[in-house]
Structures are given as structure tokens and as C-alpha cells.
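Residue numbers (our numbering): 3 to 341.
Hints in this document: simulated from the structure, not taken from any laboratory. Each hint should be verified, as a subset may be incorrect.
To be verified - Each computed BS3-like pair below joins lysine-lysine, with the alpha-carbon atoms no more than 25 Å apart: (1) Lys312 to Lys254; (2) Lys331 to Lys311; (3) Lys174 to Lys262; (4) Lys21 to Lys8; (5) Lys174 to Lys331; (6) Lys70 to Lys211; (7) Lys166 to Lys262.
Unchecked claim - Label-pair restraints from in silico Cβ distances: (8) Lys130 to Asn218: 23 to 29 Å; (9) Ile275 to Pro236: 26 to 32 Å; (10) Glu149 to Ser274: 37 to 43 Å; (11) Lys23 to Gly150: 18 to 24 Å; (12) Glu221 to Ile275: 16 to 22 Å; (13) Phe329 to Lys284: 30 to 36 Å; (14) Asp18 to Glu320: 43 to 49 Å; (15) Thr169 to Glu221: 37 to 43 Å; (16) Lys54 to Asp334: 43 to 49 Å; (17) Ala310 to Gln285: 41 to 47 Å; (18) Ile275 to Pro144: 38 to 44 Å; (19) Lys210 to Glu320: 27 to 33 Å; (20) Ala310 to Glu221: 37 to 43 Å.
All values derive from a computational prediction rather than experimental measurement. For glycine and all other residues, C-beta sits at the position ideal for the given N, C-alpha and C.
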Amino acid sequence: MASEYKQSGVDLEKSDLIKDKLINNILRTHNDQVINNGDGFGGLFSGRNINKNSVLVSTTDSVGTKVKISAKLGLHKNLGMDIVNHCINDLIPQGARPMFFLDYLAFASLDEKIVLDVIEGVSEACSKVGCAVIGGETATLPGVYNEGDYDVVGFMVGSVDKNKLKTRENSKEGDILIALPSSGLHTNGYSLVRNIFNSDENISNLSKKVEGEEKNLGELLAEPHKEYLTTLDPVLDDINAISHITGGGLRKNLPRVFDKKLTAKINKNSWSIPPLFRSIMKQGNVSENEMFDVFNMGVGIILIVDPAKKNIILDKCENSWIIGELFSKKQDEENVQIL
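Make a model of the complete structure from these sequences and hints.
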């Protein structure tokens, strides 16, 4: 039966050998809250540091079609960092800090090097923020994925004291919007980019230089998603609201964290849009309006703060800048205005 299964595309012995090689990278993320469960079916994590006022916050995501570019360049480790950092940044808007993480990798046929590289990236990113990797799944799905394709998905749980939970009601008219720069596209907009640069058919296009940048196109596109918890952790309690700028850009993500009776006025002249985004816009003949609807445009996260605390945040958050302000919304106004 095992031989027949292997011939159909699923190699159980190879899968077991890879799991044995992963263990050291996974163990480096463990802390004293991880409970050894041997070969049990579920990962165990102690709740002793969670009190009756704690709220658990969960998030899940994938790296999307960024995998098509990073994989072609052999930068599989970056994808492990991408998925962890994306999940971390999705917890922060609630004021939560990560506790544990689980990964899901799916292949047409199992590739040992890719699995080991991705999990190395996962472990490195989790270790940086004290998040434990307590489980995961590596699936071989012949016929579902094309040969050479794979997917990277993550699931993360964090916690926050309910008295410190950030909600829409925390923000008010007059609050200042402070931006932190992205490291690139992060994990959004890659389907459009792959189409514009025809990278699936012609990998050499990824070697082309981008005007105004030292790195080539492929290196810029594969740059890992930036993690913001390390920067924001010391000032998290001083921030009213936080928006992670992901798919949908500023217009879709900012309104998720403030009252619908408000509008965010963004000064697009307050920062210089990175050359990579300008290259995408020019090469693909994409309008500026659509660019702002698809990409982060160099803005990775936006903090909404009380005017009295803006200088504290600006001092503590390197390379941050004031990008706008919250105003009372008039009947015919949008919730986000890029001016």
C-alpha cells in the first residue's frame, strides 16, 4: 500500500524524515508555556499567564501569490518570515501580543529544501517576538497544485487585557495619524505585479534594475513583510488605534479601526512613494488611484494617536511621520481622503 501511495505522489517516509529535521528549528521558539505533547494530535500551550480579563485574539492568512516570485528566486526562507510577520501585524491593531503560531504548507510534491527553508524563516520570525511554534501541517496534494507550486499559510493566537483592547471607539476627531514605512509590497498585490512584469513566463525580468533602487526587481519584490511589534511594543498603550495596511491599501484598511462618523485625511505629499511602486505604476500603466487601492504605497502601518502624545510616538518610532488627521465626516465624504 505504501508503495502504491508513493507512486500516486505522496511519500510518507520522506515526510517523516523531513519532520525529524525540522524539530530543532521549532524547539528554538518554545518557552515554558509550551507543554510537551509528544506525538499528540494537538499543540498544547499553558494558559497560566491568561487571567479573567484576558481576551484571545486570533488571525490567519497566507502569503498569496508572492510565493510564485520568492520560489523562483529560491528565497523560501523569506516566505516563512512573511507569513509570521503578517500575522503579528494583524494582532497588533487589537493591542494583542502573540503567544503561539501554527503553519500549513501544501505542495504538489514534497520538497525537503523548501520545507526546511520556510520553517527556518518561521522559527526566526517567531523567536524574535517570543511566539512559540506549537504545530503545523505539511500536505502533499498532487493534482490540486501544479508541479513546483506550493502554499504557505499561518495561524496565530495572541492575547490582550480587555481593558487595553483597541476598538473603533478609541479614536476621535483631531487625532493624529502617524505612519511607519513598509519594507516593500509586503504580501499584497503580487498577482497584478506578476502580470505586469510577466515574471511567470520570463524569470529574467526579475533581474532588471529598478530606477532609484540598488536592488533589482526580484530582490525588492521578495523582501520580507516587515514586523512592527518590536517597534511598537514600548508605546502600544499610548496609541488609540492601529491599522495594518494590507490588501485594499489605505482606503480599505484605515476605516476598519475608527468610527464611521469620522474621515481620515491623508496628505500624500507627506512621504516619497518608493521607486518600486512608481515602477509598477509606469510599467503597468496603472492609475495612481488604483495603486492606492491595491498597494500599501510605502506605508506599512498607521497609528492613530492623541495630539498630546504624537511627539512621544514620533520619537520612539524610527522613520515615522505624520501622514494625516481624523476629522468629523460630512454626509458626502469618504472615510478616507487621499489629498
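The hints, checked one at a time:
1. Proximity of Lys312 to Lys254 is assessed by CA-CA distance (about 24 Å); at most 25 Å being required, the pair is judged to hold.
2. The hinted pair formed by Lys331 and Lys311 meets the criterion: a straight-line CA distance of about 23 Å does not exceed 25 Å.
3. Between Lys174 and Lys262, the direct Cα distance comes to roughly 11 Å. Compliance with the 25 Å bound is thereby established for this hinted pair.
4. Using a Cα cut-off of 25 Å, the hinted pair Lys21 and Lys8 holds, with the two alpha carbons roughly 17 Å apart.
5. A distance of roughly 11 Å separates the Cα atoms of Lys174 and Lys331; the hinted pair therefore holds under the 25 Å criterion.
6. For the given pair, Lys70 sits about 19 Å from Lys211 by alpha-carbon distance, which is consistent with the 25 Å threshold.
7. Distance hint between Lys166 and Lys262 is fulfilled; the C-alpha atoms sit about 21 Å from each other, no more than 25 Å.
8. For the hinted restraint 23 to 29 Å between Lys130 and Asn218, the CB-CB distance of approximately 27 Å keeps it satisfied.
9. The hint said 26 to 32 Å for the Cβ distance between Ile275 and Pro236, and at roughly 29 Å that hint holds.
10. A hinted range of 37 to 43 Å holds for the C-beta pair Glu149 and Ser274, which are about 42 Å apart.
11. Taken as a hint, the range 18 to 24 Å holds for the pair Lys23 and Gly150, whose Cβ atoms sit roughly 21 Å apart.
12. Between Glu221 and Ile275 the C-beta distance comes to about 19 Å, which sits within the given range of 16 to 22 Å.
13. Look at Phe329 against Lys284: about 33 Å separates their beta carbons, and that is inside 30 to 36 Å.
14. Take Asp18 and Glu320: their Cβ atoms lie about 45 Å apart, and the range 43 to 49 Å holds.
15. Judged by the Cβ atoms, the range 37 to 43 Å given for Thr169 and Glu221 holds: they are separated by roughly 39 Å.
16. Between Lys54 and Asp334 the C-beta distance comes to about 46 Å, which sits within the given range of 43 to 49 Å.
17. Distance hint check: the CB atoms of Ala310 and Gln285 are about 44 Å apart, consistent with the given range 41 to 47 Å.
18. About 43 Å separates the C-beta atoms of Ile275 and Pro144, a value consistent with the hinted range of 38 to 44 Å.
19. The hint said 27 to 33 Å for the Cβ distance between Lys210 and Glu320, and at roughly 31 Å that hint holds.
20. Restraint check, Ala310 to Glu221: a C-beta distance of roughly 41 Å satisfies the suggested window 37 to 43 Å.
Violation of the numbered hints given earlier is absent; every hint is satisfied by the structure.
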